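Single-letter residue listing:
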Amino acid sequence: MQAFITRETLPSLPPPSTLKGPIAWMRQNLFSSVGNSIVTVVLVLGILAALIPFINWAFIKADWIGTSRDDCTSGGACWVFVYVHLKLFMVGLYPESEVWRTILVGAILVVTMAGLMIKGVPFKKYIQIFALIAFPIIAFILLSGGAFGLPHVETNFWGGLLLTLVIAIVGIVAAFPLGILLALGRRSSMPIVKAICVVFIEVWRGVPLITVLFMSSVMLPLFLPEGMEIDKLLRALVGITLFQSAYLAEVVRSGLQAIPKGQYEAANALGLTYWQGMYKVILPQALKIVIPGIVNSFISLFKDTSLVLIIGLFDLLATIQGAFASPKWLGYAIEGYLFAALVYWVFCFGMSRYSQRVERSLKTTH
Amino acid sequence: MADPNLSATPPQAISTLPSKPPFWNDPQKRALVFQILLVIGIGLLLWFIFSNTLHNLDKRGIKTGFDFLDRPAGFGITQSLIPYTEASTFGRTFLVGLLNTLLVAGLGIIFATLLGFAVGVARLSKNWLISRVALVFIETIRNIPPLLQILFWYRAILPLLPGPKDSISLAELFYLHKRGFTLPSPLFEPAFIWTFWAVIAALVLAFIMSRWAKARREKTGQQFPVVWTAVGIILVLPLITFFLTGSPLNWDIPALSGFNFRGGLTVIPELTALLLALSIYTAAFIAEIVRSGIESVSKGQSEAAASLGLRPNRTLQLVIIPQAMRVIIPQLTSQYLNLTKNTSLGVAIGYPDLVNVFAGTTLNQTGQAVEIIFMTMLVYLVISLVISLFMNWYNKRMALVER
Amino acid sequence: METATQTKPEIAVSLRDVNKWYGEFHVLKNVNLDVERGQRIVICGPSGSGKSTMIRCINRLEEHQAGQIIVDGIELNNDLKNIDQIRREVGMVFQHFNLFPHLTVLENCCLAPMWVRKIPRKEAEATAMEYLERVKIPHQAKKFPGQLSGGQQQRVAIARSLCMKPRIMLFDEPTSALDPEMIKEVLDTMIELAESGMTMLCVTHEMGFAKTVADSVIFMDAGQIIEMNTPDEFFNHPQHERSKLFLSQILGH
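Protein chains in written order, with our numbering: chain A, 1 to 366; chain B, 1001 to 1403; chain C, 2001 to 2253.
This is chain A alone, in the form it adopts within the complex (with noise of 0.2 angstroms):
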């Protein structure tokens, strides 16, 4: 063996220049070998090819701004169709002269959603429980009024945006404490309760959201009393509730299941009772882990709420089909449903990072 020792300490040196910089770069990423060469080319090709006339209609060709159908003479995209309707859009046929009200929510709701999500911000603990208790009695008080002065608007005239995120909003916070009650139902030791909450949550997750739509539309006015009359929108409300319950109950599961056993021996050895334990000890953490898991599970029920649409209830979807099938906008069914798919995705989108960002930092954490 021979000895090749260099005593003094070599300095650092720049990688060659055949290994850094764009072309290096590109060298690796996209021209690796030959096959690989000519897929980039033919994608790069076919790229353009699709990106370049979807920009002209959309952006270039596209008209803005007008009063009606005649202002679209550009030939590319009638974006004048969606400034038009854009209030019927966002609330659908609430009245003109309340529509501050759904701004003012709307307003509330960005800063507690801000408050929860950015770090750093102090009293977590309180924003907490105002989301979840006192900013749904502000929100419904301020949207149906009868009170305080303010008229009643009845919730047929609730719609557009407005609409769905009522129904997601409602839909996950009033499944929550379902959800966490079949949970532990389910990691029960009583069979009883365990075989209960194991068909609930079972039945649901096995059956289409539609159905039980159908379901909550047909059925409910039948399982109650004579002449009880319930709301439309309350009705689709109860059956999404306990659609996502059964989700939601599967979620928080897991996160019981990861809580180490350690946890519940040390809360049983301080002399906690069950609910105290679950309470004090178990929830606290299993809740942090799933955070990621329920934020992912709202974003299916966002989807989800689109289905109202077939039982009759006007959410964005559904004002957005109602305008462009109206005849002074017929054929801008293209425009509506980009408009429609943008809301939905920057909304999932930005729900699917934030999910991400705090699955990371749970990793980095444990």
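Just so you know, not all the hints are guaranteed correct.
[To be verified] The list that follows gives simulated cross-link-like pairs (lysine-lysine, DSS-like), each with its CA atoms no further than 25 angstroms apart: (1) A:Lys261 / A:Lys288; (2) C:Lys2118 / B:Lys1214; (3) B:Lys1178 / A:Lys328.
[Stated by the list, open to error] Restraint-style ranges between C-beta atoms, simulated for each label pair: (4) B:Gly1300 / C:Asp2084: 17 to 25 angstroms; (5) C:Gln2239 / B:Lys1214: 54 to 62 angstroms; (6) B:Ser1296 / A:Leu181: 29 to 37 angstroms; (7) A:Pro14 / B:Leu1114: 43 to 51 angstroms; (8) A:Leu13 / C:Asn2078: 17 to 25 angstroms; (9) B:Lys1178 / A:Trp57: 19 to 27 angstroms; (10) A:Pro14 / C:Glu2133: 51 to 59 angstroms; (11) A:Pro11 / C:Ser2248: 25 to 33 angstroms.
Don't read these hints as lab results, they were simulated from the structure. Remember, predicted model here, so these are calculated numbers, not experimental data. Think of the CB as a built atom: it goes at the ideal place given N, C-alpha and C, for glycine as much as any other residue.
Position chains B and C against the provided structure of chain A, taking the given hints into account.
This is chains B and C only, laid out in the frame that chain A set:
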């Protein structure tokens, strides 16, 4: 908590048991009482619902029971895999709807799997551009509600197609137009049965060949191009049979007559839109599953295989895929289940699936809400149950043996 | 072939001016090393000094970007055939064992001989059992890796490499993921292997092992070899400041 009987002396008799607490402090008895109360509570709730329902149905003059299934339906269905006319019974309607649901689900699963695996593999590509395009596809598609995608295809894109008269045609055989996708339909002559048998025989032969190749490899170490040979057998044998028996297959070529096509097979636009939307939507999820499944196999595994001299494709076949599949299959199955449930969204565009023709039209015509919703939900529940049973079986079989 | 080279010691591994970068980071700086057939080298140094990277370059798990690596007379370059040939001759044992969890111990050992060397199953299994016996776990052959202890897994990993009948063995910190009571069983296996005349390059901090079997110890720091000596000399009279510091740190445990 402390046991008053605790002492250093050994117990006198083995039958000594801890003293019994009063029953209201005994956790077992508490649990029993709680569960009895729960059962009574749920029983009361069910009874309340049941009696209200009976009363309400009675008032509306709706007779309960499943007799309606034998009554004639009196409405037509745009797509049916089994003979169906307006004179058929509601029971038949149920069956037609169920088959239509299963048709979309089955085709959707095939397309979504193919597309999803392709996109998932593209996502893992070393080519930055391919991987980015796959990422954009996944992130765009899965954040848009499937119902919106179905409606988009059905109401925004398909209407852009020309009418049947000016169809986009491919080789005068396939026609794409507003009212669907028309393609030649096969007309089998009796002798075609031989080709059918040849396919079966080829499959059996290919199977035997692969077993033989494996045995030979284990015995002598020599490898055999199993895949190519199998492809060869499966293609060549039926083809030879087909021509030897005198090409016993004709095509019913569609032809335009007036404003519509005669002959051939037309796939209704509802099916096309539903299938496109659901396949693409589910594929985005499958792609993510495939990516995370393959990435879940640690880098050390492929390094170990490489250090043993295994080539990358063998590493994939022998080390990566068997391990990734354990992660992929359970999630894949649950996506298949989601797709099956999502076929019910077809109701929004009038695809005649179970929810549409049964929980929709039939319910409106008969008013038997309870029975119909019950039957519809039961169908989906049975599908879910069968698939979860399969899953449990698979997970048990595939679970890695650990200490 | 061996008789022909008896006058001049045969070189098993030779590194000439090898350089490597991770992005902007210069991991290997002008590394030069010749290992003769049958020699046992222990490589140590602080973490991040490039010692693992160096031996991973020898079987091309990492690509070097400048310089020349010749293994068993074959130069490592982008030629797939060369890489295949070298990997057959060079076995490697990893810190985290990297056994295939979906295969039994026996199947782990037979996989590469059957698919790469194209040896019949019966023969491969017989060889595998032979090596499993040498590492003293023949009775675990039908078990899955997950059922074994860390020490047993690492011994299986050694047996798995040996089943390919390699001429050179690389060890990348083989004992650093093990519980203390299992380190000895793995080291014993390695010592036995060393005594059989295998060419070995081991990245390890196990001084006892180095003293027992190593021909020389290489000390690496900041991507270069800064000291090389016999184990006795290296551990008792380290020359370089940084070797001294490093030794005082690992002895300080």
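Which numbered hints turn out to be false for this structure?
-> The structure conflicts with no hint, since it agrees with every one listed earlier.
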